[in-house]
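Work the whole structure out from these sequences, hints included.
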Amino acid sequence: MSLNSHTGATNTGSQTKGIHQIAVSADSSDIECRLKSLELSVDKQYNAFTQRLDQVLSALPNNRPPQQRPYYPTPNYQDRGRGSLNGCLFTALIDSGSMVTTISENGLKSLSEKPQIIPLDTLGLKLSTADGSLLKYCGYVEGTICVPSMSNIAFDVPILVIKDNSFNRNCPVSVGTNVIRLVRDIIVSHDSSEVIPEEWNIAIASLNVISFAAKLSTL
1 MSLNSHTGAT NTGSQTKGIH QIAVSADSSD IECRLKSLEL SVDKQYNAFT QRLDQVLSAL
61 PNNRPPQQRP YYPTPNYQDR GRGSLNGCLF TALIDSGSMV TTISENGLKS LSEKPQIIPL
121 DTLGLKLSTA DGSLLKYCGY VEGTICVPSM SNIAFDVPIL VIKDNSFNRN CPVSVGTNVI
181 RLVRDIIVSH DSSEVIPEEW NIAIASLNVI SFAAKLSTL
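So that you can map any letter, position 87 of the sequence shown is 87 in the UniProt record's numbering, and since no number is skipped, the others follow by simple counting.
These are computed hints drawn from the structure, not numbers from a lab.
The beta-carbon is built from N, C-alpha and C at its ideal position, and this holds for glycine as well.
Treat the hints with care, since some could be wrong.
Computed beta-carbon distance windows for the label pairs [said to hold, decoys possible]:
no.	residue 1	residue 2	range
1	Ala205	Ile117	31 to 41 Å
2	Gly139	Ala205	28 to 38 Å
3	Leu134	Leu207	21 to 31 Å
4	Leu40	Asp164	56 to 66 Å
5	Asn201	Ile117	45 to 55 Å
6	Leu125	Asn165	29 to 39 Å
7	Met99	Gln45	45 to 55 Å
8	Val188	Lys109	31 to 41 Å
9	Leu40	Ser128	18 to 28 Å
Here it is as structure tokens:
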């Protein structure tokens with residue numbers, strides 16, 4: 001009798017435990033269903049809202065003016081400096097992110113001694129800017145560039161002649177790393193005590209940063 005009573009108590013405990021587990025499982029399933037239902041409801045409301053927003057925006061007239069790059073006077077640019085090209089003073093963009101030195105067509109026309117443009121059509125070169133757009137050019141010229149405070153040193157370099165645009169209208173010359181590196185090497189090798197303009201110092205210090213604003217391709 002005692003054995004049967006013990007066995008019955010054990011079975012009763014097991015059954016009770018089993019019922020309790022089923023009840024908990026049922027509660028978890030109910031919570032999951034409610035959460036999923038709430039999630040579906042939120043998704044439907046969000047989709048309805050975005051569709052309605054698209055309808056409202058598409059019905060509005062597009063009267064916004066086109067975005068334009070703001071123009072700042074030359075003195076506000078820390079990367080613009082003075083120099084001379086073939087004896088003529090110019091304001092240039094000292095651009096450590098460009099591999100080539102360029103001059104606009106109008107900038108070339110303003111020189112008292114206009115060098116001959118050498119065409120590059122036979123090479124089939126395609127130049128693109130950092131944003132991927134093609135850089136339109138006419139050819140290149142051989143020019144002599146001098147840097148302020150280094151007037152006794154001249155650099156004979158090829159200069160790419162590019163089409164006139166809104167960016168080079170007020171700053172026709174852009175000095176690239178092919179000149180900036182020469183200036184740096186002169187300063188280092190001669191241990192020059194001359195005061196180099198700040199914009200040139202900034203460009204020289206930036207040469208350690210790997211960044212190219214022009215890409216060359218023959219494809």
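- Please flag the earlier hints that this structure goes against, numbers listed from lowest up. Hints 5, 6, 9 not satisfied by this model.
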